[in-house]
Amino acid sequence: MSRRDIAFIISTLIAAAALAVVPTITTKESVINLLVLVYIYVMMASSWNIIGGIAGQVNLGHAAFFGLGSLVSRILWTKGWPLSISLILGALVPVAFALLIGAPSFKLRGVYFAIGTLAMAQILFITTRNLFPMISSLPTEALSTYSLAPRYYMALGMTLLTVLVVFWLSRSRWGLGMVAVREETSAAESLGVSALQHKLLALCLSALFAGLAGGVFAYYSAGYYLFFPFFPTWTFDAVMATYIGGTGTVIGPIIGAVFYVLVKEILALRFVELHPFIFGTLFILVVLFLPGGMIQIWSRLRRLLVRKSTLAPSAAKEEQVPETNMVHDRPAVE
Amino acid sequence: MVETLVQNIVFGLLLGALYGLAAVGLSLVFGVTKFLNVAHGELLMLGGYASFWLFNLYRVDPFLSLPLAALALVVVGVVLYLLLFSRTVKMDEEQKVQTTMLIGFGVSVILQNLAQRLWTADDRSITTAYSRMSWTLFDIRFPIVRVVSMVVALVLVIALHQFLQRSYFGKAIRATVEDWEEATIIGIDTHRVYLVAFIIGAALAGMAGTLVSVGYSIVPSMGLEWTLVCLVVMTLGGLGSIIGTFVGGLILGVAQALTAFAVGGAYRQVVGLLLFLLVLAVRPQGLFGVKEG
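As they're listed, the protein sequences go chains A and B.
Letter by letter, the first sequence follows residues 1 to 334 of this note's numbering.
Letter by letter, the second sequence follows residues 1001 to 1293 of this note's numbering.
No lab work stands behind these hints: they were computed from the structure.
Among the clues, some could well be false.
[As the list claims (entries may be wrong)] Within a straight-line C-alpha distance of at most 30 Å, the following computed DSBU-like cross-link-like pairs (lysine-lysine) qualify:
no. : chain 1 : residue 1 : chain 2 : residue 2
1   : B       : Lys1096   : B       : Lys1171
2   : B       : Lys1171   : B       : Lys1090
3   : B       : Lys1096   : A       : Lys107
4   : B       : Lys1090   : A       : Lys107
5   : A       : Lys264    : A       : Lys107
[To be verified] Between beta-carbon pairs, the in silico distance windows are:
no. : chain 1 : residue 1 : chain 2 : residue 2 : range
6   : B       : Asp1092   : A       : Arg171    : 27 to 35 Å
7   : A       : Thr140    : B       : Gly1265   : 32 to 40 Å
8   : B       : Ala1121   : A       : Arg171    : 42 to 50 Å
9   : A       : Arg171    : B       : His1191   : 26 to 34 Å
By construction, the Cβ of each residue, glycine as well, lies at the ideal position given by its N, Cα and C atoms.
Extracted from the complex, chain A is given alone in its bound form (with noise of 0.2 Å):
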């Protein structure tokens, strides 16, 4: 490991910390709720990246992991289930539907996959809503017992977990396969790199993470329609915070949720809805001209930075360098 991929895990593990402490701080409902919110997108930006950034395979069916997840977890906990494995099996069933649909759809090429990945979710959508039109609101006794804090720590712990697996994996021989497989597939093959593997533990870790995100949902909601984690605007919310942020990266679909929350949640205070334009605005400009998102302002910006802060030592030495090499350069002529 380099010295920047333990700084990068420290300072992961110290914001970490520092946020547990929040609920002890503060009482205000309002700041855990819009915590937790932020936990979610950033769960569902960083799965997203998974497929979408390190793979490079554009899914537009994200929602659907998240819907799958939140389902399972939801029905099974609230049927009296032990929370723990109603949410393991709420990650699993993601996976094991993304194994399902994983073989058929990369056979798909490129932009098929995205439309094709948008109309199962669709279909699932569809489905669900037919299926369980209902409200899942906790039972009474549930209800008054139910306390913040609990959902909190589960989300922030999970968020965590999801940082950590992505670091890990983007460091990974498996990543740096994805990667390869994103930039020059047929060059991946001809090198052994199976893009069929890569692309299916892609799909299914970005399942896995999605389906997670959903069960911290059905935990943390008091209540909410069953179908309503099935809806396509948490697929466009995932893909559209980790495009700003920066696709590919670490960190990238982090800052992206970060943002994306925070000023939908402050334009919402203060006018109706104004939010969409902004980030769709903000996501064409970055598709356009930036993408890398707002992690590639930052490391341009800091490349100019150090770019000036040693131009002033270099051009000096360049002055130097003709008199050096001259000194240098005696001896051995002599």
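Using the hints provided, position chain B relative to the given structure of chain A.
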């Protein structure tokens, strides 16, 4: 029972004609420019609202406002093309398709919310004096507006087909589809071809929107469903065949009607999407399409 079935099929064909018209626009744009404009459904929605307001504010008959809706969408198309889509022209094909899909997706988010803010999220439709009239033949109902809409759609599709086959510019478009490099060499301005194809696609979407607002209803959030319908029909019909795409629309309309008849209206959208996945899995070039390369 049989009458209900036949009635359903008739309604399916009438709606399918509009699917065909909308999809022909998307298919033309995709075939010529390789832009996958997933905001096509939103363009259709805009056309619907244009005619809706022309009728409600100025009492312009919706069938007379067809050219006006087309004109409005030509303006929107020019702006979208010059501002956004033209920037992807130089990309290689795969990257172009993906980038334009993402752009279109951003555009659809913006347009949908714009429509919602300007015109509320209510369902709207144009109710003319003749809206409720229908012809009856062997106890099967043929609502006049829907029949006229189908005729209009058919005329537009045939006109487009003739334009592409006969006219000088249509031939330039087809030459560009075949091989844009060769086309450039023999003096065809491919940028202009792209722009014109994009505008025609937008205008067709707008006119389809008008017809939808007469026979059915429009709502700001209709875009995604219509875009998917167009993609399904485009895949069913196969690229490069205008008439094939229109027939694909009719097939989808009937398939939906039969599903609604057999398992209930709630699943009518599902059948199209399933058909779509099936066709993709078996015949990626579409039912009537020609295999590429």
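Consistency of the hints with the structure:
| no. | hint | result |
| --- | --- | --- |
| 1 | B:Lys1096 - B:Lys1171 | holds, 24 Å |
| 2 | B:Lys1171 - B:Lys1090 | holds, 22 Å |
| 3 | B:Lys1096 - A:Lys107 | holds, 20 Å |
| 4 | B:Lys1090 - A:Lys107 | holds, 27 Å |
| 5 | A:Lys264 - A:Lys107 | violated, 37 Å |
| 6 | B:Asp1092 - A:Arg171: 27 to 35 Å | holds, 30 Å |
| 7 | A:Thr140 - B:Gly1265: 32 to 40 Å | holds, 36 Å |
| 8 | B:Ala1121 - A:Arg171: 42 to 50 Å | holds, 46 Å |
| 9 | A:Arg171 - B:His1191: 26 to 34 Å | violated, 44 Å |
The structure shown violates the earlier hints numbered 5 and 9.
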